[in-house]
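**Q** Residue numbers (this note's numbering), protein chains in the order written: chain A, 1 to 403; chain B, 1 to 607.
Think of the hints as simulated: they come from the structure by calculation, not from any bench. For every residue, glycine included, the Cβ atom is placed at its ideal position computed from N, Cα and C.
Pairs of lysine-lysine residues, derived as DSS-like cross-links and limited to a Cα-Cα distance of at most 27 Å, are as follows:
| id | chain 1 | residue 1 | chain 2 | residue 2 |
| --- | --- | --- | --- | --- |
| 1 | A | 95 | B | 566 |
| 2 | A | 332 | B | 452 |
| 3 | B | 566 | A | 48 |
| 4 | A | 166 | B | 264 |
| 5 | A | 249 | B | 264 |
| 6 | A | 95 | B | 452 |
| 7 | B | 122 | A | 302 |
| 8 | A | 116 | B | 452 |
| 9 | A | 178 | B | 264 |
| 10 | A | 48 | B | 122 |
| 11 | B | 122 | A | 267 |
| 12 | B | 452 | A | 119 |
| 13 | B | 122 | A | 298 |
| 14 | B | 264 | A | 207 |
| 15 | A | 338 | A | 48 |
| 16 | A | 189 | B | 264 |
| 17 | A | 267 | A | 207 |
| 18 | A | 178 | A | 166 |
| 19 | B | 122 | A | 207 |
| 20 | A | 368 | B | 122 |
Computed from the model, here is a short list of chain B residues facing chain A with C-beta under 8 Å:
| id | residue |
| --- | --- |
| 21 | 120 |
| 22 | 219 |
| 23 | 260 |
| 24 | 329 |
| 25 | 573 |
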Amino acid sequence: MRSRLLLFLVTAGLALSFPAQAAAQASIKVGEINSYSGIGAPFTGPYKAGVEMAVEEINAKGGILGRKLEVLFRDDKGQPAEAVKHAQELVESEKAALIAGTFLSNVGLAVSDWSKQNKVMFVAAEPLTEALTWSKGHDYVVRLRPNTYEQGRMLAEKAGKMKYAKWATIGPNYEYGKRAWETFRDRLKEKKPDVQVVGEHWPTLGKIEPGPLVTAIMSQNPDALYVSLFGSDWLAFVREAQKRGLFQKTFVVGILLGEPEYIDPLKLEAPEGMLVTGYPWYDIKSQAHQDWVARYTKRGDKPPVLGSLIGYVTYQSIAEAIKRAGSTDTAKLVAAFKGLKVETPIGPITFRAVDGQSTMGAWVGTTKIDPARGVGIMVNHEYIPGEKVLPSDDETKKLRPVN
Amino acid sequence: MSLLFVQLLSGLANAMFLFLIASGLSLIFGVTRIVNFAHGSFYMLAAYFTYSLSAMLPLGPVAFYAAALVAAFLVAGLGGLVEVLLLRRVYRAPELYQLLLTFALVLVVADAVRFVWGADNKTGPAAPGLAGSVPIAGQLFPSYDLAVIVFGPLVALGLWLVFHRTRWGILIRAATQDREMVAALGVDQRRLFTGVFVLGSFLAGLGGALQVPRLALTTVMDTTVIVEAFVVVVIGGMGSVWGALLASLVIGVLNAYGVLVLPKASIVLMFIVMAVVLIIRPWGLLGRPEVLLRAAGGAVAGERRAPWHPAWLAAVGLVLLALPLLLPTFWVWMAIEIFAFALFAASLHLLMGTGGMVSFGHAAYFGLGAYGAALLLQLAGWPMPLAFLAGPVVAAAAAAVFGYFSVRLTSIYFAMLTLAFAQIVFAVVHQWDEVTGGDNGVLSVWPPPWLKSPVRYYYWALVFAGTGVVLLRLVAASPFGLALRAVRDHARRAEAVGINIRALQWTAFVVAGFFAGLAGAIFVFLKGSVFPVYTEAPMSVQPLVMVLLGGVGAPSGPLIGAAAYKLLDTVITRYTDYWQVGLGGILIALVLAFPRGIAGVLDWRRS
Numbered sequence: 001m002r003s004r005l006l007l008f009l010v011t012a013g014l015a016l017s018f019p020a021q022a023a024a025q026a027s028i029k030v031g032e033i034n035s036y037s038g039i040g041a042p043f044t045g046p047y048k049a050g051v052e053m054a055v056e057e058i059n060a061k062g063g064i065l066g067r068k069l070e071v072l073f074r075d076d077k078g079q080p081a082e083a084v085k086h087a088q089e090l091v092e093s094e095k096a097a098l099i100a101g102t103f104l105s106n107v108g109l110a111v112s113d114w115s116k117q118n119k120v121m122f123v124a125a126e127p128l129t130e131a132l133t134w135s136k137g138h139d140y141v142v143r144l145r146p147n148t149y150e151q152g153r154m155l156a157e158k159a160g161k162m163k164y165a166k167w168a169t170i171g172p173n174y175e176y177g178k179r180a181w182e183t184f185r186d187r188l189k190e191k192k193p194d195v196q197v198v199g200e201h202w203p204t205l206g207k208i209e210p211g212p213l214v215t216a217i218m219s220q221n222p223d224a225l226y227v228s229l230f231g232s233d234w235l236a237f238v239r240e241a242q243k244r245g246l247f248q249k250t251f252v253v254g255i256l257l258g259e260p261e262y263i264d265p266l267k268l269e270a271p272e273g274m275l276v277t278g279y280p281w282y283d284i285k286s287q288a289h290q291d292w293v294a295r296y297t298k299r300g301d302k303p304p305v306l307g308s309l310i311g312y313v314t315y316q317s318i319a320e321a322i323k324r325a326g327s328t329d330t331a332k333l334v335a336a337f338k339g340l341k342v343e344t345p346i347g348p349i350t351f352r353a354v355d356g357q358s359t360m361g362a363w364v365g366t367t368k369i370d371p372a373r374g375v376g377i378m379v380n381h382e383y384i385p386g387e388k389v390l391p392s393d394d395e396t397k398k399l400r401p402v403n
Numbered sequence: 001m002s003l004l005f006v007q008l009l010s011g012l013a014n015a016m017f018l019f020l021i022a023s024g025l026s027l028i029f030g031v032t033r034i035v036n037f038a039h040g041s042f043y044m045l046a047a048y049f050t051y052s053l054s055a056m057l058p059l060g061p062v063a064f065y066a067a068a069l070v071a072a073f074l075v076a077g078l079g080g081l082v083e084v085l086l087l088r089r090v091y092r093a094p095e096l097y098q099l100l101l102t103f104a105l106v107l108v109v110a111d112a113v114r115f116v117w118g119a120d121n122k123t124g125p126a127a128p129g130l131a132g133s134v135p136i137a138g139q140l141f142p143s144y145d146l147a148v149i150v151f152g153p154l155v156a157l158g159l160w161l162v163f164h165r166t167r168w169g170i171l172i173r174a175a176t177q178d179r180e181m182v183a184a185l186g187v188d189q190r191r192l193f194t195g196v197f198v199l200g201s202f203l204a205g206l207g208g209a210l211q212v213p214r215l216a217l218t219t220v221m222d223t224t225v226i227v228e229a230f231v232v233v234v235i236g237g238m239g240s241v242w243g244a245l246l247a248s249l250v251i252g253v254l255n256a257y258g259v260l261v262l263p264k265a266s267i268v269l270m271f272i273v274m275a276v277v278l279i280i281r282p283w284g285l286l287g288r289p290e291v292l293l294r295a296a297g298g299a300v301a302g303e304r305r306a307p308w309h310p311a312w313l314a315a316v317g318l319v320l321l322a323l324p325l326l327l328p329t330f331w332v333w334m335a336i337e338i339f340a341f342a343l344f345a346a347s348l349h350l351l352m353g354t355g356g357m358v359s360f361g362h363a364a365y366f367g368l369g370a371y372g373a374a375l376l377l378q379l380a381g382w383p384m385p386l387a388f389l390a391g392p393v394v395a396a397a398a399a400a401v402f403g404y405f406s407v408r409l410t411s412i413y414f415a416m417l418t419l420a421f422a423q424i425v426f427a428v429v430h431q432w433d434e435v436t437g438g439d440n441g442v443l444s445v446w447p448p449p450w451l452k453s454p455v456r457y458y459y460w461a462l463v464f465a466g467t468g469v470v471l472l473r474l475v476a477a478s479p480f481g482l483a484l485r486a487v488r489d490h491a492r493r494a495e496a497v498g499i500n501i502r503a504l505q506w507t508a509f510v511v512a513g514f515f516a517g518l519a520g521a522i523f524v525f526l527k528g529s530v531f532p533v534y535t536e537a538p539m540s541v542q543p544l545v546m547v548l549l550g551g552v553g554a555p556s557g558p559l560i561g562a563a564a565y566k567l568l569d570t571v572i573t574r575y576t577d578y579w580q581v582g583l584g585g586i587l588i589a590l591v592l593a594f595p596r597g598i599a600g601v602l603d604w605r606r607s
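Given these sequences and hints, build the entire structure.
**A** What follows is the structure in structure tokens.
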């Protein structure tokens with residue numbers, strides 16, 4: 001720590017006097033903005049490891065267009081204004097060819113809007129809001145992860161075949177929570193017209209009162225509960241729900257809750273029998289993926305979580321786009337991302353020409369405790385590619401602003 | 001019926017945790033007058049200690065309980081150390097410098113926890129023997145929560161015995177009421193303060209340790225709990241342990257029922273209750289009116305009355321005019337950000353420095369200025385210059401309403417009421433999706449093409465921020481500003497010479513709100529978007545830290561503070577993920593080295 005601080009003080013002085021002259025022209029720089037502190041912090045560490053792994057592999061094979069790929073990491077602290085400041089610094093001072101990353105939806109939207117205004121390519125990795133590629137979409141932004149609409153639909157397709165008629169929901173009082181529920185509810189009602197909603201609960205993000213909420217939900221007697229809580233809210237909710245017997249009475253459908261990020265911290269307290277979207281890295285049979293898991297685990301001595309894969313694939317995609325563009329020129333990058341095919345550890349994905357949304361999908365399955373590893377896992381899972389749930393090109397065009 | 005009963009029990013269990021944390025905070029404030037932001041950090045540390053210790057101690061089923069107790073004692077010791085090594089050095093500094101120090105501690109502890117335990121969320125062990133639940137009124141209720149409901153009153157009883165049956169406790173009560181009198185009677189204040197810090201930190205530690213079987217451990221649990229704890233303390237009355245108990249019960253139970261009745265209001269319920277209580281009872285439910293400190297007014301030394309010297313002003317103006325032609329583009333943007341925050345901090349300085357009114361909710365006006373400009377541009381289609389100027393008017397209008405109620409209160413109660421209003425503003429912009437876009441914010445708020453280039457927007461920002469800062473300085477040096485200072489230094493005498501205190505402070509509040517709004521408008525066209533987080537507590541803390549860092553007693557303090565804070569923050573963040581420990585460490589060093597702020601030292605040298 002101390003030597004780091006000293007180093008910092010010395011370099012800080014230098015940086016203030018010569019802001020833009022540090023590195024040689026040889027490398028291609030990508031500005032990577034993410035929430036390494038604040039509310040996104042629990043999820044961005046593995047993402048960063050995935051990014052670093054991808055970059056090491058790309059550079060070991062000679063880089064892109066004969067140049068090394070260099071990633072400059074910046075912490076947005078979970079604040080949109082900070083992220084915009086970093087984008088300015090990365091592009092102006094560091095001459096980054098493009099911006100990538102972000103975890104929180106509002107940070108992603110702020111950076112996306114900045115990139116549109118300044119005509120800089122932005123590869124959004126994790127923000128889930130549909131607005132990013134639809135109502136606030138534009139040419140300079142693409143996004144890797146399946147958005148709230150896609151994940152909600154994947155779950156609704158399965159839940160619609162089940163017997164449950166009386167539904168309740170609980171989620172953070174954010175756009176993410178509300179949209180995740182609306183898509184699911186609408187699709188569910190299409191598939192099963194007798195569905196009836198008996199309660200909606202929107203606790204404040206990060207400040208949930210789990211005990212009273214569990215009691216309130218149980219008093220409404222739903223057959224099934226749709227959950228879009230995540231992070232510490234979800235963990236606290238589970239602990240109260242277990243003790244109060246919610247999971248014995250109510251079937252639970254959870255968006256993202258099969259991801260190791262959210263299920264691992266619960267250890268043996270993870271609820272069994274939930275229908276979830278997630279990432280069963282331990283149980284994906286393809287050779288490419290197993291090799292990737294082995295390489296990742298060897299590198300960091302820890303198995304991957306979904307964030308690791310997202311980080312890795314984001315930078316694979318960036319490398320492919322630059323190769324296809326044959327340059328780091330923004331206009332060529334924008335064109336290169338349209339319909340870009342990327343061979344990833346989980347199979348091929350495409351960045352759709354119509355909205356820049358990748359067709360990366362998610363796994364839908366049921367949770368179960370794995371006594372051997374002492375954590376919850378997903379069983380009977382199925383990979384649903386984005387193509388299956390995304391709206392068609394014509395429908396998508398209607399969702400996007402007309403330029 | 002059974003539902004209501006179970007909800008009551010859940011509310012009581014939550015209330016007991018609130019009580020543990022809030023009673024310690026209240027105690028510390030009551031005796032030492034320190035607004036201890038680091039209280040939440042002690043709570044978090046104890047939780048993480050418990051998490052690790054319960055896995056390490058070879059005690060079988062007793063391990064968790066032993067770990068919790070050890071963790072609470074460890075944190076108590078740490079609290080004592082902090083008091084002796086850090087806070088004791090700055091008791092003579094102007095009021096609130098201790099606050100800056102505790103804020104720096106928050107940063108340092110947050111990074112220390114991230115460094116030692118990692119950033120990922122963790123769930124600790126269940127409490128052995130109390131992991132299950134018991135049927136109550138036809139529903140299952142966690143036995144651990146029942147145990148907590150019994151344990152809370154035991155702690156309260158223990159505190160009662162300490163305060164009424166020991167000499168030390170009696171001295172604490174005396175010091176809470178009149179600390180100078182206690183000192184005059186020959187009681188060693190240092191030992192009293194250290195003792196109070198140890199006890200307060202112990203209670204925070206106990207609260208954190210006992211949360212381990214219920215909640216998840218996160219690196220942000222410190223900030224989540226501290227605001228709630230302050231609300232409880234203020235509703236109860238600062239320094240009153242019984243008030244803290246009463247307020248905890250009110251908030252705990254209300255939250256539990258609120259989930260049933262008003263689910264949408266849960267985001268602000270607590271703050272609305274606080275606002276109502278403070279408007280009706282300005283010193284909280286069981287608090288007492290403040291004893292006027294006899295030494296009041298001595299805190300702000302070296303203040304010069306004249307506005308800035310014209311030659312000096314011209315020199316700085318020339319440098320600032322030439323700056324964008326010399327700086328690389330990013331630093332031009334950075335300079336604009338510093339201008340916005342310098343104006344933001346200067347507007348708070350009018351309240352804090354000149355008026356002696358510390359606001360914890362100044363971000364409301366900054367945010368409303370930004371939202372006002374953004375929405376008038378986007379929804380009403382106003383041209384940018386008009387929307388830009390209307391933003392601060394929106395902020396001033398809100399300041400007129402909120403200020404009307406706030407200026408009826410003093411000191412920490414004033415601060416907390418401003419915080420409550422800021423939180424209400426946050427809830428409105430956050431929940432009113434149709435107009436404000438909710439948490440997705442308002443996007444594409446850019447200046448028109450003729451103003452788009454960084455250099456042009458730099459001059460635009462310079463003109464408005466510069467004018468704002470100079471006007472604020474003129475206000476502070478005018479008869480109005482002098483009267484404001486008279487009220488700050490001796491309210492009763494000021495009243496006796498015929499000053500209308502409330503009207504005066506209200507006007508100052510509106511003026512400060514207007515210029516904070518102008519800062520927000522400058523900021524929003526720099527960033528291109530505005531989000532509800534701009535009105536939240538962390539945004540209110542920023543100008544507060546800047547004013548203190550620069551020097552609350554010096555006119556140029558907020559400007560120097562804003563520049564120093566923003567530059568430090570930007571440079572540190574660029575080089576390390578552990579920016580908080582860097583920033584916190586530097587802040588601690590600065591407070592210890594310059595206990596009057598940076599500008600305070602410059603002024604002192606001069607005189």
